[in-house]
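Chains as they are written, first to last, in my numbering: chain A, 1 to 479; chain B, 1 to 889.
No lab work stands behind these hints, which were simulated from the structure alone.
A couple of the hints might just be wrong.
Said to hold, decoys possible - No farther apart than 25 Å at their CA atoms in a straight line, the calculated lysine-lysine pairs in the PhoX-like style are these:
hint	chain 1	residue 1	chain 2	residue 2
1	A	Lys97	B	Lys33
2	B	Lys338	A	Lys97
3	B	Lys790	B	Lys819
4	A	Lys457	B	Lys33
5	B	Lys487	B	Lys574
6	A	Lys53	A	Lys418
7	B	Lys585	B	Lys446
8	B	Lys126	B	Lys338
9	A	Lys236	B	Lys764
10	B	Lys715	A	Lys464
11	B	Lys50	B	Lys574
12	A	Lys236	B	Lys819
13	A	Lys115	B	Lys88
14	A	Lys418	A	Lys51
15	B	Lys397	A	Lys115
16	B	Lys338	B	Lys663
17	B	Lys88	A	Lys82
18	A	Lys457	A	Lys53
19	A	Lys209	B	Lys790
20	A	Lys209	B	Lys663
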Amino acid sequence: MNPAHFSRRTFLADMGMGFTGLALGAILQREARATGPAWTPPDGLPHFAPKAKRVIWLFMNGGVSHMESFDPKPMLTKYGGKTIAETPFAGVQDPAKLAIERLIVPDANGNQRNKLYPLQVGFQKHGQSGLEVSDWFPHIARSADRLAVVRSMWTTDSNHMAQTQFHTGRNALDGEFPTLGAWVHYGLGSLNENLPQFISIGTREYWIKRDGHYLGPRHDAVPLRIDPANPLDFGKADGGVSADAQAVGRELTRQLNTLRGVEYPGDPALAARIASYELAARMQLSVPEVLDFSKETADTKALYGLDRPHCREFGTQLLAARRLAERGVRFIQIQHGGGGAGQWDAHSALKANHAKNALAVDQPVGALLEDLDRRGLLDDTLVVFATEFGRTPGSQGSDGRDHHIYGFSVWMAGGGLKGGVVHGATDEIGFHAVENRHYVTDIHATILRQLGLDSRKLEVPGRKRLEIDHGRPITDIIA
Amino acid sequence: MRKHSIVALTQAAFLLLAAGTARGAADYERDIKPLLRGRCYACHGALKQKSGLRLDTVALMRKGGESGEVVVAGQPGQSLLIERVAEKDAEERMPPPHEGEPLSPAQVQMLREWIAAGAAGPAEEKAETDPKDHWAFRPRVRPATPVVADAGWVRNPLDAFIAKQREAHGLVPQPEAPRGVLLRRLSFDLLGLPPSAEEIRAFENDQRPGAYDKLVERLLNDPRHGERWARHWMDVWRYSDWWGLGDQLRNSQKHLWHWRDWMVESLNADTPYDEMVRQMLAADELYPGDPAKLRATGYLARGFFLFNRNQWMEETVEHVGKGFLGLTMNCAKCHDHKYDPIAQADFYRMRAFFEPYQVRTDMVPGEADLARNGIPRAFDGWLDAPTYRFVRGEESKPDKSKVIAPGVPALLAFKEPVIQPISLPPEAWQPERWPWVLDAHIAAAKAKLAPAEAALAKAHEKLAEAEKEEQDAAGIQAVAGAGAEVKVATLALEVSRAGLASVERRAAALRASWANAGDAGDAATAAAKAEREATAATARHKVADAELRLLRAAADKRGALEQEVKKAGEALGKAEKALAVSSEKYTPLVPAGAQWSPTRFLDSTKDDAVVKFPAQSSGRRRALAEWITDARNPLTARVAVNHIWTRHMGTPLVANVFDFGRKSAAPDHPELLDWLASELVESGWSMKHLHRLIVTSATYRMSSSLAGGEASAAKDPDNRFWWRRTPIRLESQAIRDSLLALSGSLDSTLGGPSVLPASQAASKRRSLYFFHSNNERNLFLSTFDEAEVKECYRREQSIVPQQALALTNSPLVRESAPKIAALLASADEAAFVRQAFAVLLGISASDAEVAASAGALEAWRKLPNSTPENARGNFIKALINHNDFVTLR
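Please build the complete structure, drawing on both the sequences and the hints.
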């Protein structure tokens, strides 16, 4: 066989299929089809019947205290001021249990902090389920019966690269890997050709700025700055050129780029650029429409807190997220609290820090759940509320908590999951996840399962994934 | 539960034991070693051996340290290790306070069990590598050029290093890229601009063997080369125009463009890299009398931060470390570096080199107003400022028991920097002595004469007009008014003349004082007199001016104006009386050649006390610069060549370009890195030599295409071993500049003040001249990954839809496309299309591409209101949106 010839033909065939973003490895593997077992790239269809169509991924940068949000630990208050060794829970410091931490040497942060720090906020039971939510999150609490709280998360990086780890499933020491959003984008076809299928909103602080990695830049998130006054940079069409003339130009650019693929087959950047140009033209019309809130009722705007300065920014982002979800965007990733290590990083003055951040996010998140539900969108939209790690049961300084990887909480809602359930548990002081422990990729697996994707079928030849990369779906919370 | 001999178990530890024993005895590899590595190695390992103790192998533990053996097999009770980690007194305990939490009782118990069980370890346990053996800290040795199988492929030794590795990995190099691609590659790489149509033709026609090398020489000697590479170094060295809040300057300095111009000029002159580094860090000490070189210290002026000296110093240490040395010194601010042999004190020792420095702006010839122009530069203003170590890095906790002296990390002290205070020439600390300073003041005073004369002439004309109409009462009044205006204008001209005389006399007096001439006293007397005469002239003008306003005032305003006239008259009386006094005291001219950039470190709303210009400089930065640029410094040249390589080749040799420490991945081609570094140093640190080596190599000339390279791609998909070229997404500046160049609109003026945001839309200057700061970014440029001014050791190369929109809808593209089409005017359509491909993309268009283009051109022409010209403009726009327009193939 003539490999060059094959490469060219394959590239053109990809164009015909509208599947321009194939990773290099994928194309190469197809070349080798004659010698190896057949491998085909994703066809954009789910592998089995999906329960959810799209994901709204809310990520709190810096590390939210699990004990002061969704995993109350009254023992902290009872034993407040005592060292862990002085309490009946001394066993938490069993080195075998602590050994999951993967830092070559400890940072100034990420220490265990031995002196227990009392809870800084009260908790109430909410809804019919009686799910416990801290008083910092009254609006989310109203949706208690919609939440599936996983209280038994763990990760391995006790510094903020854990933000990346939560998205890629890999400790930063291992290198760079595709993020969950990139996998979803890679695996599933489009629900709306006029909008990017994978959007990133907010600041990715400790992140490697790309998502696709070996899947190719085609699967990077498209960053969107949510500013209704100025929805899209350079979004205003060239008035001097008619729509017909523009269409001819776009088609020519597409053809010429495609023809370049003859000499440069398997160039992921070329494929990504072709896709991004085509998308750009459509975004010119679609994005301003998405960010035009004029047809939203005053009630809806108030629901998201657009009239309240402390939550206006996040509320605007979440209202936009709902509108994007409504229009078929697959994966909407929103980071809250950019700046430094992330605004939730309460090494000191935890009470003031979390109260302020909760004020910024609680009402919009509560609004999002309610709004999605009343529009019937929550059934097939998965909302995720996550953070890179929890915070230490012990105090840092007089009034803060340090990073804590051994146990923390994440919740999900909608998308065919059970509502009003708590899954997994940490020990009595919130130190270790002790019951139904879940590594971060179990969240990925659960989401992929609901989207109808089998991560093993998405694997790219030559890029072996580990068992832990795939994770296991948390079946207990699936309805 | 197993019985245990230790009695003093707390209840907690007792419970723990249950958990521990359930798993069986502690295993060294699984349990003990990770614990020690995590908690002890930083001080008792390869990095440091506090008290002579290492814990990174069992053998080393058994050997012990200054206090003898610390592990006695089978005897936990006699093992010092246990005693110290279990110690109750925090001061005696290991790890010490602030180095980490105490070990938990369970961890201590685990260690006990392991020792009790015989303290067994693996047979051939390897100790941690000595940090001195870390590749980047080893002295640079010029490696021999390897012998390779494919010797015919090798154009210069660089290729041999690449070929050796590639052959070892069974990879086959891709063929050389087509000539058109190579020309475009070279042109962007060395000039940041595309080749012109003529250059393309000339290169295509020149098939002589030396054509490529000749082209390289021409490009390297083109003044636009300096602009191109200055922009790269502006990224690395954190160039930023000033920013703050509103008009308040908080960061960097005004007129920092002088430093940028210095970069452009130095690169064009092939000023050696080491010399450039020395000038940036210490030109004020090395060349205090050379304003052109003083511009280099804009590097330090960039660090200015109005409110916090500690933050300013910390950023300086951080980026001197990252930028010149590939060292994350900043990681040692609060504690000893966890990976590299940098003690916390080393951070502050490094800071001490910079502790005395302050920032000021020096006058330039022809401009007396520092708000309009001046050179921001460094000088040592705080000669006695002590440096203290901050306990745990907290600025509220300086350890005042010891003043930290400047110094370098011990491992890199191939020589201790020698610090000798420097006596500065008079111009450096009395900058009014620069000849142009007094000239500029005189010129500024002179410049006021002409407008005053013009105003007087106008007043006379007005009076003449009024006199013609002097027929009635109103006319008479008009004449009186116009007459008064003439008087005021006459006196205003007198003010300007007296002002000039005053400046001239004072200048003369200053010069006489420097000359130590006998008539200095007379000159001073004359200066003082001229100054008093200027004061009197001003007072006279004020009286006349107030009288004029009184003459024309409405009745209700007269009272106040009468008061004003009276006061002005009194002031005049005083001024005239003063004329009679003789004295040698006169006011110095301000600014006196330079002005300190005021700081507000004291948390007040007022500037800090003025920092004077001392006659000495500490010599600290000169010593540091000499140490950094010493050929023996193992890091400097390696870091520099890695930066240069990255920009030519798309990906670096050392992946983390600002951290060559032990935490970062080692390079795949360490020998190539050292060979390039040796070439740099041995060529006299000539960057042009390095550019030439790289761009004339076979490695550089390979095609970026994967076609035919499937077998290599399967083995090395990420091209770690350079079997093909890695395409580069052009930087934002190159994209904008190429649009201007192709449309024939580029303003090729070199240098000068930054183009302010309001003028950028209309400006045709190259993008490196655009005002760019943390607050002010150009939208078009930032859409293509702008340099972050706080830190940009590498540019992102994103692909997002917003870029397509910028290349479709921005005014720049809309204006450029028809102009480019017009310049390519060729009656024959196929020829036009082929030329457009060549000029915009560096491509020889295939027949299929020509056909597709012709089809589109026809479709456009058929649209209503279409002309052949706008069809061609549309076509050019389609090519601007082509992937290869923004890609360096």
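Would the hint linking B/Lys487 and B/Lys574 be met if the CA-CA limit is 25 Å? 21 Å, holds
Within a Cα-Cα threshold of 25 Å, do B/Lys338 and A/Lys97 meet the stated pairing? 24 Å, holds
Given the hint that A/Lys236 pairs with B/Lys819, test it: the Cα-Cα distance must not exceed 25 Å. 22 Å, holds
Could you grab the alpha-carbon distance between B/Lys790 and B/Lys819 and see if it respects the 25 Å cut-off? 37 Å, violated
Given hint B/Lys663 paired with A/Lys209 - CA-CA distance at most 25 Å: 21 Å, holds
For the pair we were handed, B/Lys585 and B/Lys446, check the Cα-Cα distance against 25 Å. 23 Å, holds
Proposed proximity, A/Lys53 with A/Lys457 (alpha carbon, max 25 Å): Within the cut-off at roughly 18 Å; holds.
Is it true that the CA of A/Lys418 sits at most 25 Å from the CA of A/Lys51? 12 Å, holds
Are A/Lys115 and B/Lys88 close enough, with their CA atoms no more than 25 Å apart? Since the Cα atoms of A/Lys115 and B/Lys88 sit roughly 16 Å apart, the hinted pair holds (cutoff 25 Å).
Verify the proposed pairing of B/Lys338 with B/Lys663, using a straight-line Cα cut of 25 Å. Holds: B/Lys338 and B/Lys663 sit about 9 Å apart, inside 25 Å.
Tell me if the straight-line CA distance from B/Lys88 to A/Lys82 falls inside 25 Å. The hint holds at about 16 Å.
Assess, step by step, whether the Cα of A/Lys53 is no farther than 25 Å from the Cα of A/Lys418, and give holds or violated. The given pair, whose Cα atoms are some 16 Å apart, holds under the 25 Å limit.
This entry does not satisfy hints 3, 4 and 11, going by the numbered hints stated previously.
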